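Participant: What follows is each chain in one-letter form.
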Amino acid sequence: MPTDLEHLPREPGVPKPDPILVVDNMRKRFGGIVAVDVDHLEIQRGAITALIGPNGAGKTTFFNVLTGFDKPDEGHKVFDGETIDRARPHRLAQKGMVRTFQLTKALTKLAVIENMKLGAKDQKGENFARSLITPIWKKQEKEIEQRADVLLEKFQMDQMRDEYAGAISGGQRKLLEMSRSLMTDPKLVMLDEPMAGVNPALKQKLLDHVRGLKDQGITVVFVEHDMDVVQGISDWVVVMAEGAIIAEGPPRSIAENKKVIDAYLGAHHDAPLDLDQEQAFLAEDMAEEQETEEQ
Amino acid sequence: MPGVFGAIDWLFIFEQTLNEAVDLNAIVFALAAIGLNVHFGYAGLLNFGQVGFVAAGAYGMGLAVTLWGLNPFLAVVVGMIFATIFALFLGIPTLRLRADYLAIVTIASAEILRLVARSTAMRNITRGPEGLNEFVGPFRELSPFNPSVSYGFGPFTWRGNQFFTVVVGWTLIFFFVFLVWQLMRSPWGRVVKAIREDEDAARALGKSAYWYKLQALILGGIIGGFGGMMLALGNATVQPDFFVAPLTFFFWLVLILGGAGRVWAPVLGSVIFWGLITFIQNLGRQLVDAGLIPTSIMDTSQVDQIRFWIVGAALALLMIFRPQGILGSKEEMALDAH
Ligand SMILES: Nc1ncnc2c1ncn2[C@@H]1O[C@H](COP(=O)(O)OP(=O)(O)O)[C@@H](O)[C@H]1O
Ligand SMILES: [Mg+2]
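Protein chains in written order, with the numbering used here: chain V, 1 to 295; chain Y, 1 to 338.
Incorrect hints may appear among the rest.
To be verified - What the simulated footprint calls covered on chain V by chain Y, stretch by stretch (three residues with Cβ under 8 Å from a Cβ of chain Y suffice, anywhere in the stretch; the number is not a length):
hint : segment
1    : 120-127
2    : 133-143
3    : 204-211
4    : 241-250
As the list claims (entries may be wrong) - So, partial list: chain V residues that the calculated Cβ filter (under 10 Å) puts toward chain Y:
hint : residue
5    : 27
6    : 29
7    : 30
8    : 33
9    : 67
10   : 68
11   : 98
12   : 114
13   : 180
14   : 181
15   : 183
16   : 187
17   : 227
18   : 253
To be clear, the hints were calculated from the coordinates, so they are not data collected in a lab. None of the values given here were measured: they were computed from a predicted structure. Note that beta-carbon positions come from the ideal geometry of N, C-alpha and C, so glycine has one too.
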């Protein structure tokens with residue numbers, strides 16, 4: 001297991017003992033700005049890797065490019081030993097690389113349980129001809145539903161299983177998106193700001209679940225602003241700024257890294273807030289207020 | 001009041017209304033709207049050229065007989081193939097792009113199809129503006145009903161050939177409603193609905209949004225094509241100028257009226273639409289004829305235009321008080337506000 005990351009050199013692009021994802025010379029430009037500019041990055045299998053960096057650093061774009069939602073201008077990526085340069089998002093998901101979105105994508109007019117069941121792979125009834133004959137897919141559907149119910153219970157969402165996904169709270173939708181992605185039996189889960197806008201109680205629950213993924217042998221990469229969160233659960237931290245990887249290392253080393261503090265804090269307060277970030281900050285403020293009230 | 005309305009033949013009006021509510025027009029509109037329901041109601045595809053699929057089905061079936069001399073069953077298959085080709089033509093270039101591209105392309109393509117069919121350059125094939133007129137014979141040979149005998153009961157009475165059309169038409173409607181119901185309760189339908197809600201979420205979970213959208217476009221197109229085939233069969237002719245662009249918006253009206261995303265909605269919408277149109281038309285004519293509406297306000301020919309105004313106003317009221325349509329769910333509608 002990935003305990004020996006401590007002894008790796010703490011420099012950008014450092015090779016990992018057992019990488020599940022390897023990225024080379026990845027670049028993505030939007031007009032004048034270079035959103036992603038990564039020379040080399042390896043993600044350790046079975047570890048929790050945090051991807052941090054100021055707003056606009058290119059984290060989401062990097063996710064998009066890795067998962068096939070955006071085409072890079074150049075670059076190579078290898079997932080689980082297989083070159084995936086041209087793979088489309090749904091193929092990558094089928095191969096075990098699943099992601100969530102910074103702006104939650106709950107399927108509002110489907111029930112929570114249907115959201116979950118959608119995630120399951122290799123469903124016989126998803127084929128047009130076979131869908132017409134219920135006995136062909138009924139049994140598998142039951143199994144999938146059972147699996148979904150187990151997960152919902154684990155995530156303490158079983159009491160809202162039959163509600164429309166559009167009718168549950170924003171934090172619960174984040175939780176739903178994460179548990180739904182697990183229905184695909186992923187090898188690598190990529191979470192884009194899973195805690196943003198989530199209330200502190202739910203945040204703690206989410207963190208526990210992320211740890212739980214690791215215990216199941218699932219590799220996790222997640223984007224997060226909050227350094228405390230990152231310190232708490234990650235095995236390894238990758239820092240992005242202006243599209244490039246500026247630092248890598250175990251969480252403790254990153255917190256002390258001068259370069260990171262400069263890049264991170266420097267931009268953090270000057271950059272204009274986008275809507276998400278504003279919401280995230282508002283949630284933080286509210287959480288702080290609550291804490292002071294309680295004291 | 002009975003004195004004033006004594007001149008009105010209510011029985012006749014109701015008979016006409018009930019008859020039109022289930023007759024050929026209602027059948028064609030119902031089938032076209034069932035197809036549109038697959039597109040928009042379930043898959044979220046913005047198809048503003050459904051009339052093109054109706055035309056493709058009608059011409060496919062007609063040409064198969066007039067041009068290639070195929071038997072009726074193969075002719076129906078050709079009608080389906082024409083609708084499929086139209087779907088591929090529209091879908092392959094646009095379904096990977098944002099949703100509005102399909103909308104733009106469908107409006108234009110349906111109109112292009114009609115203009116090509118009626119063009120003089122195509123005269124040898126489609127017979128231009130005259131349309132196809134000699135194909136219905138082999139179909140009518142299949143009819144078990146005697147053309148010179150009346151069938152049905154009460155207001156629902158047709159001559160043999162018309163009755164054949166109505167029976168086949170309603171059989172198709174029930175078949176496709178059942179098909180859509182089965183599909184939409186299956187995992188296939190779950191993927192399609194998920195794509196309607198958020199295509200990227202579906203892709204992130206391993207579903208090829210493009211492939212499912214293409215399947216839905218083809219399926220809804222073929223069902224619309226059957227509407228065209230029924231039209232051709234019922235009228236014994238395929239006229240290019242029937243397939244004008246505004247017709248698509250009547251199909252939409254019928255679907256929205258019933259409530260998009262509900263299996264029976266297109267059928268109910270079509271029945272109500274044609275019933276209402278006929279009721280207003282007949283009542284209006286009689287009111288004018290009886291002098292209850294002075295000719296200084298409106299004459300009989302103007303009644304035909306007024307009926308669409310009234311239906312439009314009724315639909316506007318429905319949208320205010322029941323925006324989800326007659327069968328739609330208010331709860332689901334409210335989720336859109338988020
Ligand atoms: N679709 C796009 N078009 C143009 N610029 C974009 C687009 N997406 C992201 N960007 C730009 O790329 C940079 C990186 O953005 P993003 O990946 O969202 O950063 P992060 O997720 O780290 O906050 C930003 O400057 C952003 O404005
Ligand atoms: Mg981002």
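Participant: A separate judgement is required for each hint: does it hold in the structure or not?
Facilitator: Hint by hint, here is what the structure shows:
Only residues whose beta carbon comes within less than 8 Å of a beta carbon in chain Y count, and the segment 120-127 of chain V has 6; three or more means the coverage holds. Using a Cβ-Cβ cut-off of 8 Å, 3 residues of the segment 133-143 of chain V lie near chain Y, which meets the minimum of three, so the contact claim holds. With a threshold of 8 Å between beta carbons, the proposed coverage of the segment 204-211 of chain V by chain Y is violated, since 0 of its residues qualify and at least three are required. Given a C-beta distance limit of less than 8 Å, the hint that chain Y covers the segment 241-250 of chain V is violated, as 0 residues qualify and 3 are needed.
Hint status for residue 27 of chain V relative to chain Y: violated, with the closest Cβ pair at about 23 Å, above 10 Å. At a threshold of 10 Å, the smallest CB-CB gap from residue 29 of chain V to chain Y is about 21 Å, leaving the interface hint violated. Annotation: residue 30 of chain V was flagged as interfacial toward chain Y, and the flag is violated, the nearest CB pair being 17 Å apart, outside 10 Å. The criterion of a C-beta within 10 Å of any C-beta in chain Y is not met by residue 33 of chain V, whose closest approach is roughly 22 Å, and the hint is violated.
Hint on residue 67 of chain V holds. Least Cβ distance to chain Y is approximately 7 Å, under the 10 Å limit. Annotation: residue 68 of chain V was flagged as interfacial toward chain Y, and the flag holds, the nearest CB pair being 8 Å apart, inside 10 Å. With its C-beta approaching chain Y no nearer than about 6 Å, residue 98 of chain V sits inside the 10 Å limit, and its interface hint holds. Against a cut-off of 10 Å between C-beta atoms, the interface hint on residue 114 of chain V holds, since the closest Cβ of chain Y lies about 6 Å away.
The criterion of a C-beta within 10 Å of any C-beta in chain Y is met by residue 180 of chain V, whose closest approach is roughly 7 Å, and the hint holds. Taken as an interface hint, residue 181 of chain V checks out: its beta carbon lies about 7 Å from the nearest beta carbon of chain Y, inside 10 Å. Given hint, residue 183 of chain V at the interface with chain Y, holds; its Cβ is 8 Å from that chain's nearest Cβ, closer than 10 Å. Residue-level restraint check for residue 187 of chain V is violated (minimum Cβ-Cβ distance to chain Y is 13 Å; threshold 10 Å).
Hint status for residue 227 of chain V: violated, given a least beta-carbon distance of 27 Å to chain Y, over 10 Å. For residue 253 of chain V, the suggested interface contact is broken, since its CB lies about 32 Å from the closest CB of chain Y, more than 10 Å.
This entry does not satisfy hints 3, 4, 5, 6, 7, 8, 16, 17 and 18, going by the numbered hints stated previously.
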